[in-house]
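Residues per chain are reported as follows:
There are 2 protein chains.
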Amino acid sequence: MAETRRIFTFLLRFVAFCTTLSAAIIMASSREKTTVFALSVEAKYSDTPAFKYFVIVNAIVSIYGFLILFLPSKSQLWRLVVALDAVFTMLLTSSISAALAIAYVGKEGNPNAGWLPICDQVRKYCNQVKGALIVGFISLILYILLFLYSVHRALNPLLLEKS
Amino acid sequence: MAETRRIFTFLLRFVAFCTTLSAAIIMASSREKTTVFALSVEAKYSDTPAFKYFVIVNAIVSIYGFLILFLPSKSQLWRLVVALDAVFTMLLTSSISAALAIAYVGKEGNPNAGWLPICDQVRKYCNQVKGALIVGFISLILYILLFLYSVHRALNPLLLEKS
Numbered sequence: 001m002a003e004t005r006r007i008f009t010f011l012l013r014f015v016a017f018c019t020t021l022s023a024a025i026i027m028a029s030s031r032e033k034t035t036v037f038a039l040s041v042e043a044k045y046s047d048t049p050a051f052k053y054f055v056i057v058n059a060i061v062s063i064y065g066f067l068i069l070f071l072p073s074k075s076q077l078w079r080l081v082v083a084l085d086a087v088f089t090m091l092l093t094s095s096i097s098a099a100l101a102i103a104y105v106g107k108e109g110n111p112n113a114g115w116l117p118i119c120d121q122v123r124k125y126c127n128q129v130k131g132a133l134i135v136g137f138i139s140l141i142l143y144i145l146l147f148l149y150s151v152h153r154a155l156n157p158l159l160l161e162k163s
Numbered sequence: 001m002a003e004t005r006r007i008f009t010f011l012l013r014f015v016a017f018c019t020t021l022s023a024a025i026i027m028a029s030s031r032e033k034t035t036v037f038a039l040s041v042e043a044k045y046s047d048t049p050a051f052k053y054f055v056i057v058n059a060i061v062s063i064y065g066f067l068i069l070f071l072p073s074k075s076q077l078w079r080l081v082v083a084l085d086a087v088f089t090m091l092l093t094s095s096i097s098a099a100l101a102i103a104y105v106g107k108e109g110n111p112n113a114g115w116l117p118i119c120d121q122v123r124k125y126c127n128q129v130k131g132a133l134i135v136g137f138i139s140l141i142l143y144i145l146l147f148l149y150s151v152h153r154a155l156n157p158l159l160l161e162k163s
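If you read the sequences in order, they're chains W and G.
Here the first sequence stands for residues 1 to 163, where the numbers follow full-length UniProt numbering.
Here the second sequence stands for residues 1 to 163, where the numbers follow full-length UniProt numbering.
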């Protein structure tokens, strides 16, 4: 039973690693050349600080996710993983929220601030950003599950105890 | 010792409640009338979905923070508070990140997308949004501290055990 659970969380962590890495790569490779009023413009992720933040956070969480795959199951460091999972889940939440807020303005614009939507001009770029956000969202859900499982595993003995 | 700690966390939770409530009120009351090209424009928080989200999340967390002040210290529900603190800290992280991303565009603009900064036109509005974000940030730090303390208190007996 413990072995099955160990394999299951290993797989979950592996998928979470793959999704954060994919999200970073998809966002980082999003660029499109277009012509607006006879001017050649290139839209790329590094134009927008929120998208840069998204790439950096997903890259950092990928490295964490990769390293943790090799942590022996008996290691004392697993106690620390509850806190680390919480920190990295929060970083993912923050990066996805910021990127989503900007992507929404890119798609819908903000008439009150006079910001026009740009997705009609750079449709391919927008779709790629959307893809990165969806993959990022999946990785966030996986990390929330992993965090809840870490908490559950850490708290469970307490729940069985009389207090 | 336990009594001092109880009073300390109560005070921390009270301050956290006050800051989330203030953040919601400051953001919700941010509005400014201005004249752009002989047109009267009113800037208000509800123009921007990210700011509406910020107000809603801070209001919800205020209600949670208020209710939890009255939870008896012996209650079994305190075990649930670790998970609730985590959820609400994530919601706060998410709302502040989204609002910050939009506020940044409001202040600096995004030349590549053709979005102009608006803070020169609505300086008072911008300052009020900035104030709400600063107070929101303080409340986020307080909730992170409270969450870490909840985790610490829940995990500590485990750390003392031999495994």
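Warning: the hint list may mix true and false statements.
The list cannot tell twin chains apart, which means a pair is met if one copy fits it or any two copies do.
Claimed, not checked - Derived SDA-like pairs: lysine to any residue, alpha-carbon spacing no greater than 25 Å straight-line: (1) Lys33 <-> Trp78; (2) Lys74 <-> Leu133; (3) Lys130 <-> Leu145; (4) Lys33 <-> Gly114; (5) Lys124 <-> Leu11; (6) Lys33 <-> Asn112; (7) Lys52 <-> Leu11; (8) Lys124 <-> Thr9; (9) Lys107 <-> Asp47; (10) Lys52 <-> Phe10; (11) Lys124 <-> Ile68; (12) Lys74 <-> Ser40; (13) Lys74 <-> Gly114; (14) Lys44 <-> Arg13; (15) Lys124 <-> Ile56; (16) Lys107 <-> Pro117; (17) Lys52 <-> Phe137; (18) Lys107 <-> Pro49; (19) Lys124 <-> Phe14; (20) Lys130 <-> Asn110; (21) Lys52 <-> Lys130; (22) Lys124 <-> Trp78; (23) Lys33 <-> Ser22; (24) Lys52 <-> Trp78.
By construction, these hints were calculated from the structure, which means they are not laboratory data.
Could you work out which of the previously given hints the structure breaks and list their numbers from low to high? Violated: hints 1, 2, 5, 7, 8, 10, 11, 12, 13, 14, 19, 22, 24.
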